[in-house]
Amino acid sequence: MDSTKLKQEIQERRRQAQSAPSESMPVEHNMAELRKLQPRYRGLEAGHRACQGCGEALAARLVTEAAGPDVILTNATGCLEVFTTPWPQSAWRLPWIHSLFENSAAIASGVEAALKAQGRKTKVIAQGGDGGTFDIGFQALSGMLERQHNILYVCYDNEAYMNTGIQRSGSTPHAAMTTTSPPGKERMGKRHLKKDLLSIIAAHHIPYAASASVAYPADIRRKVRRAVSIEGPTFLLIHSPCPLGWGIDSEISIEVARLAVQTGLFPVVELERGELTGVMPIRHPRPVADYLKLQNRFKHLFTDDPRAREEREHLQALADHNIEIYQLKGDGMDALDTDGADTVRRGGMVD
Amino acid sequence: MKQLSRGAFALPGTSLDFKTGTWRNEMPVHNHFGAPCHVACPAGEDAQAYIAKLMEGHEKEAWEILVSANPLPATTARVCPHFCEQACNRKHMDQPIAIHLIERYLGDEAIKHNWAYPLDAKKSDGEPVCVVGAGPAGLSAAYHLRRLGHPVTLIDALPEPGGLLRTAIPVTRLPRDVLDAEIGRLLKLGITFKPRTALGRDVRLEDLLAQHAYVFLAPGAAKSRHWSVDGAVPGDLREGLGLLKEWLIVGDIPKPKSVAIHGGGNTAVDLARVMKRAGVAEVHVITASGLPGPDADPKDVLNVVPREFDQAVEEGIVFHAHRTIQRLLMRGSKLVGLEMVHLKKLPGAGGRSSRVAFEGTETVLHVEMVVPAIGEVVDGTGFESLLGQADYFRADPLGQITASDRVLVGGDARGDRGTVTAAIGDGRLAAATIHAKLTGEALPDPKRRPFIGYDKLNVNYFEPSPRAEEAMLPVGKRTDTDEIEGGLTRAQVTHEIGRCFSCGNCLACDNCWTLCPDNAVIKTQERAKDGSHYVFDYEYCKGCGLCAHECPSGYIIMTPD
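If you're matching them up, the sequences are chains A and B in order.
Numbering follows the working numbering, in which position 16 of the first sequence is assigned residue number 23; successive positions increment by one, without gaps.
Numbering follows the working numbering, in which position 133 of the second sequence is assigned residue number 142; successive positions increment by one, without gaps.
Mixed in with the good hints there might be a few duds.
[To be verified] Quick list of the computed label-pair ranges, beta carbon to beta carbon:
(1) D186/B x K336/A: 49 to 57 Å
(2) N123/B x P294/A: 57 to 65 Å
(3) T503/B x I237/A: 32 to 40 Å
(4) T284/A x G302/B: 48 to 56 Å
(5) T23/B x Q125/A: 22 to 30 Å
(6) E35/A x E479/B: 42 to 50 Å
(7) T284/A x V468/B: 29 to 37 Å
(8) G354/A x G260/B: 35 to 43 Å
(9) T503/B x G285/A: 27 to 35 Å
(10) P356/B x G191/A: 30 to 38 Å
Bear in mind the hints are in silico, worked out from the structure with no lab data behind them.
Bear in mind that the values here come from a model prediction, so they are computed numbers and not experimental data.
Positions of the beta carbon are idealized from the N, C-alpha and C atoms, including for glycine.
All chains, please: the whole structure from these sequences, using the hints.
Here it is, written out as structure tokens:
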């Protein structure tokens, strides 16, 4: 359709809608009232300062929605902390505390111990980005798991220190460009591999550790409910695209997240007491290039440089390795595989 | 009050006080694009809308949406080639939705439960209009004129209404109880029906124009074209539509050992199947068109319902595609065979296409009988002054003709139609045009809207799912009286409507509501102004475009703010 004509049509329709409210349709909605009537719990409210298309904001919204109102949150330093709580406002509709970068798990441990002493059942959720979890807060997290605190730790993984200007973290994937791992004469982006954090967490022998992706909201909800219902330490790693840091347009952040799962680069798995107990099977594995070429942080892998080809093949091999060790390759159609898990229907998602 | 330092304590403030909508340079809006099924339907049925209503569990309301365009859904479901299904975006994923079977289900339910048309049969404050011809076009025009409140007189030369639905379509395709139920329901809407009233014989056009504000002419095309091969004609030549009518009324059909039917339309195929079942051993259909198939050019295939063609092949009819009859082999005035030759319609000089026969491809077919079924032209008796010497009327898309500003024309009497559904569409548009002229309103716009393509949907959110199959009589059990195709069960209908992509319209799937990182999509219980159940909170929407990109149905677009 001709875009100018379409625009005129839309403007005309909007004008009509404003001038003559029809009888069958309600007049202008009172948005503030309507917001209060939403048929879901709102843990993270609008007005936060996350960038357009932020995967982390979406993930945090979904987690608090599923966990419900009887929750206390702690937060490591990072984007999530900054964009939700510019003084004197808060986007959280839950008790929330932040102290330092490295101690989200430690504070959560203290809150949980205090609640336990008071005999209260309120669930504690500790949150952090990949920097605050894989690297800086790792020691506190390990201690929290080792002491068997009744806490769900959620790591929003956007694969670099986005808050401070896109520095590489332990989670940054191999060959990705960040401001501290620029491609050039010496190397093609990050030299090292993405830390296999989930295996390290699982080695603490905790009851439940899982990964999830914002591309599959129903899967996130299910895993959060599962985790908060367990008495003991649980861990959730949520892959959350960062449009700014990854160099993608804001509208495709879900699409990119979906491709990370469908290529096998980000395996969606569940581990109980260290054992693999569930995976999201991949119905049609996609080549990693489909995922990489959408992102500016991998742009240097699509140049004439012979190392570009090599690194692309390396990433493909890493994806193939994931598919192999987690047995991600699906076997026919499955309602919970990478194609089935996001199926929609009239009347809304049922999960 | 003691003031605490800002590091330790925050006054209760909410981020809702901060309107992130100011960041936006593009805004999401709902935009209802045409669905391919809706745009493709010559009758104007919005399949997507009635499927949505059916999905909500409201069967009667779904049927009411259906009959707001087409008063005879149980009939068209059985006889239409289903342009809707040919256009359905689902074909790019697996198979199109079986729209005609959903339409049939609703049509049959309406007959079973005796649902009334959603209109006031007593309303008669308009101007009197006369409709000539009680075939699909005339019935549709009468119905839509009644919806608009105009008194209608409907006349037909035959004793019973229905036109070619009754005289030319075998009961194996369209059972007469279905047809009678739908037409009977329609005629009860305060329509004055006068059967056995032929224009030119019983009434004059001038009188009709004197008594009515407008006349809608839908006489159909009933006069056989002259047929011969280089002037040669067998002495006992019978023409296809005449044979079919005779068989429908009298029940008699010639039974030679072998027959060749010349033509590529529904009459040719229906007649071929009737003769085959009557015991004719060899039935050939010779057509200048190609046969339907995956690689066939849609402009160059038989003008029949595709599954009718499949059933005919199943029953043993032999088709000779891209062929014509070049010579008749006669012994005296008796046919003993004919000579066929390959031909194709090719573009010639000056852009006009012509049929080119290919030398060296002649073959002889030994048949005892040849039946032409090459189409019919308008019998102009009673309105010679309007038709002139032409075979068909030339009318604008609304049915208006230059010869009179108070007569409109529709259906097969126009040379550019050819399906029951198109005739029903003509009736609807003519009724709307007459109403507009009487009330001084703007004329209806017959232009087809652009529809939304498969590439505008986000099909990640849909799963492959096989098309529901209707019950079908096996070849051995087919008779002259029993309907060959069956309908779907309610369970099958539920499965089938669940396959709809809801192209260009809200699926109410919650995806935008679920995926907005900024909580700027708000769900509503009552319908919002645009008919969906979601509204954008532009005070907070940052314009990231996620909802538009991830909308499965292409209902959200981004537009400059």
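Each hint, compared with the structure:
Range check, D186/B to K336/A: about 55 Å between beta-carbon atoms, so the 49 to 57 Å window is met. At roughly 59 Å, the beta-carbon separation of N123/B and P294/A lies within the given 57 to 65 Å, and the hint holds. At roughly 38 Å, the beta-carbon separation of T503/B and I237/A lies within the given 32 to 40 Å, and the hint holds. With their beta carbons about 51 Å apart, T284/A and G302/B fall inside the hinted range of 48 to 56 Å.
About 27 Å separates the C-beta atoms of T23/B and Q125/A, a value consistent with the hinted range of 22 to 30 Å. A hinted range of 42 to 50 Å for the beta carbons of E35/A and E479/B is consistent with their spacing of about 47 Å. One distance hint, 29 to 37 Å for the beta-carbon pair T284/A and V468/B, holds here, with the actual separation near 31 Å. Taking the beta carbon of each, G354/A and G260/B are about 51 Å apart, not inside 35 to 43 Å as hinted.
Remark: the range hint 27 to 35 Å for T503/B to G285/A is upheld by a beta-carbon distance near 31 Å. Range check, P356/B to G191/A: Cβ separation about 60 Å, and the 30 to 38 Å hint is violated.
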